[in-house]
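S.K.: Guided by the hints, dock chain B onto chain A, whose structure is given.
Heads up: the sequence lines are chains A and B, in that order. Sequential numbering of the first sequence, starting at 6, is according to our numbering. Sequential numbering of the second sequence, starting at 2, is according to our numbering.
Hints in this document: simulated from the structure, not taken from any laboratory. Don't take each hint at face value.
Said to hold, decoys possible - So, partial list: chain A residues that the calculated Cβ filter (under 10 Å) puts toward chain B: (1) A56; (2) R80; (3) S120.
Claimed, not checked - Pairwise CB distance ranges, derived in the manner of DEER restraints: (4) G223(A) with A94(B): 52 to 62 Å; (5) E204(A) with P52(B): 30 to 40 Å; (6) T91(B) with I228(A): 32 to 42 Å; (7) A158(B) with S159(A): 25 to 35 Å; (8) V41(B) with D209(A): 12 to 22 Å.
For clarity, every value in this text was computed on a predicted model and none was experimentally measured. The beta carbon of each residue, even a glycine, is placed where N, CA and C say it ideally should be.
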Amino acid sequence: MSSSDLYGYVLRLGDDALIAAQRMAEWVTRAPQIEEDAALANIALDLLGQARALLSYAGELEGLGQSEDDLAYLRDEHEFRNVQLVELPNGDFATTIAKMLFFAAYQHLLYTGLSAAGDPTLAGIAAKAAKETAYHVDHAVTWTLRLGDGTAESHRRMQAGVDEVWPFTHELFEPSWFPAGTGDIDPGALRGPWLRLVERVLRDATLRRPEDGWRPAGGRQGIHTEAFGYLVGEMQSLHRAHPGARW
Amino acid sequence: MSESVRAAVAAVRDPELRVLSIEELGILRDVRLGPGGRVVVTITPTYLGCPALDVIRADIAAAAREAGVADVEIVTSLSPPWTTDWLTDTARAKLWAAGIAPPGSSPGSPPGARVLPLLGVPVLGVPVRCPRCGSRDTAEISRAGSTACKALRACHACREPFEHLKDH
Numbered sequence: 006m007s008s009s010d011l012y013g014y015v016l017r018l019g020d021d022a023l024i025a026a027q028r029m030a031e032w033v034t035r036a037p038q039i040e041e042d043a044a045l046a047n048i049a050l051d052l053l054g055q056a057r058a059l060l061s062y063a064g065e066l067e068g069l070g071q072s073e074d075d076l077a078y079l080r081d082e083h084e085f086r087n088v089q090l091v092e093l094p095n096g097d098f099a100t101t102i103a104k105m106l107f108f109a110a111y112q113h114l115l116y117t118g119l120s121a122a123g124d125p126t127l128a129g130i131a132a133k134a135a136k137e138t139a140y141h142v143d144h145a146v147t148w149t150l151r152l153g154d155g156t157a158e159s160h161r162r163m164q165a166g167v168d169e170v171w172p173f174t175h176e177l178f179e180p181s182w183f184p185a186g187t188g189d190i191d192p193g194a195l196r197g198p199w200l201r202l203v204e205r206v207l208r209d210a211t212l213r214r215p216e217d218g219w220r221p222a223g224g225r226q227g228i229h230t231e232a233f234g235y236l237v238g239e240m241q242s243l244h245r246a247h248p249g250a251r252w
Numbered sequence: 002m003s004e005s006v007r008a009a010v011a012a013v014r015d016p017e018l019r020v021l022s023i024e025e026l027g028i029l030r031d032v033r034l035g036p037g038g039r040v041v042v043t044i045t046p047t048y049l050g051c052p053a054l055d056v057i058r059a060d061i062a063a064a065a066r067e068a069g070v071a072d073v074e075i076v077t078s079l080s081p082p083w084t085t086d087w088l089t090d091t092a093r094a095k096l097w098a099a100g101i102a103p104p105g106s107s108p109g110s111p112p113g114a115r116v117l118p119l120l121g122v123p124v125l126g127v128p129v130r131c132p133r134c135g136s137r138d139t140a141e142i143s144r145a146g147s148t149a150c151k152a153l154r155a156c157h158a159c160r161e162p163f164e165h166l167k168d169h
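Next up, chain B with everything else stripped away, as it sits in the complex:
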């Protein structure tokens, strides 16, 4: 398999985070040549119910076809599970530049995370900085944002709402 096929598949955009490729998001796990010239692409979902997955599959198949591959198989693997740790540093910078606060400690924030009191599960790096003005004076408006992976926050300094890719 040529490097150009791999590159074409890796460059597929995430439909809900258009600034990121599926490789930068960390959901592309493998592209390899299978029997009979078939290309096997392995992806992993961010969330089990992520509705973008069907679009991602279709986009991968289209990208591979455009790169000259006739036979593509797309395999979904759940293990090891995707977490926001799979985001590359480039991805975090791109999210930040696009006005979406990246997960974990955003640039300049101290380490440490809020912990779900009953379950001991870390949920949010605090404080989340506003990607527009950089203020740390922000608050969560809604845990559920426009997609399952994002929360909605507001900045008290510049008065603008912004999205935050949740720690997961």
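Chain A extracted, bound-state conformation:
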């Protein structure tokens, strides 16, 4: 893999983690219980840690002297390469859990595979992230079971959350954004194991697995949803108002 191919690849992984972290952090002080508040904050922190490592490495690969902060704070909407799934508004708690389940399961499979990647830096980041995302999957599974197989109202909301975000999961497995001939992880190949895991959780939670139909995509090409602009605006506001600010 050429270093510019690898740059694009690592940038996409980093953008996924960064935007997922930013969305998740919106739950801080708003979660249904204080324990859940701490849990979501910790998961957001894990994702931010992945983003920092990946974006720092992407900057190195690009070779133009861009730091993690430059990449996170000084790019515009259309320059981000994250999937649309991670930028979707949080919705209610059940929708957030559905999103976490689908994204964490994908990340866990991807990072587990990448921990044997030919590139030692990427493999090192992936090996750590794989362990962290195992906890995220466990957390999302616990809540999916509890809400899906809970009261009529929690079931209704969990199903609505699953239905709402399901179409956006297709973009995770688009092979088009992966540099060809690398021998590492083809995202398309992850959908089988991902479906086995997710379908089992949904079944155990008495939830219906949505039909595959609409497949919104474009995030990997810089095409984002309306909500993304607001997220980026908030995430970058401090850095844009005070360029180079330090603690």
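M.R.: Showing chain B alone in chain A's frame:
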């Protein structure tokens, strides 16, 4: 490089687990002399997003300066990744004494770990004993505790909550 510099760096406390030094925690990987008298310290994070890392870097630089080193470089290495297996036995004993249940099978508990049902990942040595009264009758309240590396548990025998350094 003198042994006193190495010792000064190794003695830096972890900011979130104050009873442990970075050496006991297993995140200090190497202290060596680089070109031009520079001291190169290699550390590894417990978690990628560990917010204590910046403080640890600053504390290492300060400790080295105090030991007479003018030029310190701190390198972060991810490989091999840190796991709770890097904790020394001394570290486990110190955590236990400080009221934090150490990872893995705590003293007196049978071997074996709960396994994440879908991923086959071991998560918790069971049962985790209460570091205050020693009871095995404890339960996890929250996987996420005061820091990313700790879970919150409660003891049903002495009715006290306590922290548990998660297996990782």
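S.K.: Evaluate each hint against the coordinates.
M.R.: Hint-by-hint comparison with the structure:
no. : hint                             : result
1   : A56                              : holds (8 Å)
2   : R80                              : violated (21 Å)
3   : S120                             : holds (9 Å)
4   : G223(A) with A94(B): 52 to 62 Å  : holds (55 Å)
5   : E204(A) with P52(B): 30 to 40 Å  : holds (36 Å)
6   : T91(B) with I228(A): 32 to 42 Å  : violated (55 Å)
7   : A158(B) with S159(A): 25 to 35 Å : holds (33 Å)
8   : V41(B) with D209(A): 12 to 22 Å  : violated (51 Å)
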